[in-house]
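Let the hints inform the model, and build the full structure from the sequences given.
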Amino acid sequence: MVEAVQAGERVAPTSQPGAARRAATLPSAWRAAKAVLIRAALPVGLLVAWEAAVRVGWIQARFFPAPSSLVTEIWRDLLSGQLAIDSTASLARLSAGLGIGVALGVGLGMAMALSRTIDMVFSFPVQVLRSIPPITWIGFSILWFGLGNRPAIFLIVLGVVFPMLLNTYGGVKQVDLIYLRAARNLGARRCMLFKDVVLPAALPSVLTGLRVSVGLAWILMVVGELIAVPSGLGDTLMRAQDYGQTDRLLAYMLLIGFYGSISDLLVVGLSRYLLRWQRGIDG
Amino acid sequence: MLNVAGLTKTFASQKNRPAVRVLDDVSLVQRRGEFLAVMGPSGCGKSTLLNIIAGFDHADSGACLVRGSPVVDTGPDRGVVFQEYALFPWMTVERNLQFAMRAAGKWTRDAPATINAILQRIGLEAFRNAFPKHLSGGMRQRLAIGRILAIDSPMMLMDEPFGALDALTRGLLQADLVSLWQETGKTILFITHSVDEALFLAERVVVMTPRPGRIVLDLRIDLPRPRDITTPEFNRYKREIIDVINPSLQLPGSDR
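Which chain is which? The protein sequence lines are Z and R, in order.
Take 1 as the starting number for the first sequence in my numbering and just add one per residue.
Take 1 as the starting number for the second sequence in my numbering and just add one per residue.
Bear in mind the hints are in silico, worked out from the structure with no lab data behind them.
Hints may contain errors.
[Said to hold, decoys possible] In silico DSSO-like cross-links for lysine-lysine, where the CA-CA straight-line distance does not exceed 27 Å:
1. Lys173(Z) with Lys133(R)
2. Lys195(Z) with Lys173(Z)
3. Lys195(Z) with Lys106(R)
[To be verified] Covered by chain Z, according to a simulated footprint, are these stretches of chain R (three or more residues, beta-carbon under 8 Å):
4. 68 to 82
5. 93 to 104
[Unchecked claim] Cβ-to-Cβ under 10 Å is the rule here; a few derived chain R residues that face chain Z:
6. Gly55
7. Pro89
8. Pro132
9. Arg147
10. Ala150
All residues carry an ideal CB built from backbone N, CA and C; glycine is no exception.
Shown next as structure tokens:
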């Protein structure tokens with residue numbers, strides 16, 4: 001945008017200023033509009049075709065309900081307050097699991113990267129544990145924690161802790177020697193070296209881990225709720241399935257996907273802000 | 001200021017490479033306030049010498065004394081300017097200077113004023129809130145030098161600091177470094193592989209040759225400043241150094 005305007009100004013003395021500016025800015029506005037159209041084309045097109053197909057009768061609504069009936073379901077739960085209750089319950093679980101998992105993973109990852117002894121002690125157990133799919137812990141999580149929030153949070157922690165650990169470990173291990181040399185030369189020792197050099201240098205890798213973790217956390221939260229929790233989006237979804245309410249089922253599936261994509265956008269936005277110093281990121 | 005005696009260093013052999021003796025009985029004395037250039041072709045051990053003085057590396061044998069005490073670790077009394085700048089990319093220009101002063105224990109009440117003065121000195125006031133990625137190579141190296149000014153190191157170790165810059169920027173920074181040295185009286189050890197650069201900058205040029213890394217020439221440069229790199233006197237010094245580094249380039253009829 002800015003570049004286009006400047007280009008227009010440079011052209012201005014030789015041609016009509018107004019025309020030059022319009023010629024320079026219009027294409028960029030058009031480009032933005034075109035980008036929105038391209039992004040929206042597939043979802044909107046699918047929704048229209050899908051709605052039409054159900055209405056015409058090509059698809060049976062019982063097997064694949066129309067978008068309009070999904071909207072009706074969500075709208076009803078929105079008005080009754082059920083949607084807000086489910087969403088906040090799920091979100092609270094997600095946040096708790098994510099918080100604990102990130103703290104544990106980053107903490108242990110840092111410790112392992114900074115101390116050879118800790119690395120040697122934990123390395124093999126971590127490799128074994130991380131290869132166990134978190135979902136297989138569901139039996140024990142109910143056995144240990146009963147039904148409720150805790151087994152679901154436990155599952156999320158198990159899913160989040162390892163990607164955070166590995167990415168933190170890798171990030172710290174890969175800090176460029178020259179930053180450490182420069183900082184030590186300036187006089188920085190232990191605490192400062194860690195806080196102002198190691199931590200920010202490892203941050204890109206940690207944030208990559210966070211993005212993976214948030215995706216995993218959504219999946220495991222729903223899995224936990226399907227089985228072990230009597231509330232939340234997963235629970236509502238499970239009940240819809242039990243009662244054969246396919247429109248409600250599909251509505252909540254899509255809602256979870258929507259929430260997941262929003263949370264991913266938030267992580268991406270956070271990363272772009274925190275890493276605005278990196279090459280290739282403007283700001 | 002600096003007293004290096006009988007320094008020897010061998011890099012152990014590795015898979016595809018035999019052991020290399022990078023420093024062979026290197027001795028060197030630099031007086032306080034002296035601008036000394038160590039020059040030589042790549043692989044002559046000049047950077048290893050700097051790393052040992054800076055405290056990044058240790059010699060196998062020999063002594064390295066700075067102001068009378070042996071070097072055991074790196075520290076802000078010997079500020080290093082790296083060829084790769086080594087600025088912290090996650091800190092703004094101003095934060096880089098602040099960090100340096102805090103790390104060196106030089107953070108006092110008038111530190112902000114010092115930072116302003118340095119930003120002005122290195123011509124980066126307008127960029128105080130910019131990240132290093134927004135700076136050109138020359139600006140980055142000026143900031144790296146500003147960082148050493150901020151911690152007020154009595155000795156400055158410069159490891160081919162202008163090697164990655166274009167010729168024009170390099171010339172500007174060289175001239176600026178000379179006036180900085182004249183203003184502050186810092187002791188400067190400057191590593192370079194460029195004969196012109198060494199002769200333009202230094203009061204004294206020490207020439208090293210590789211395999212094993214040895215000092216083969218120690219030359220006092222008696223040229224008036226600002227130096228003109230096109231005068232016959234300048235070229236006479238240049239010829240003397242080139243003859244030592246690479247005798248095969250000796251001109252026919254030259255008897256030196």
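Hint-by-hint comparison with the structure:
1. Lys173(Z) with Lys133(R): It holds: about 23 Å lies between the C-alpha atoms, which stays within 27 Å.
2. Lys195(Z) with Lys173(Z): holds (15 Å)
3. Lys195(Z) with Lys106(R): holds (18 Å)
4. 68 to 82: With 8 residues in contact (Cβ-Cβ under 8 Å with chain Z), the coverage given for the segment 68 to 82 of chain R holds.
5. 93 to 104: That given contact holds, which follows from 5 residues of the segment 93 to 104 of chain R lying within Cβ reach (below 8 Å) of chain Z.
6. Gly55: holds (8 Å)
7. Pro89: holds (5 Å)
8. Pro132: holds (8 Å)
9. Arg147: This interface hint holds because 7 Å falls under the 10 Å limit.
10. Ala150: Holds. Min distance 9 Å.
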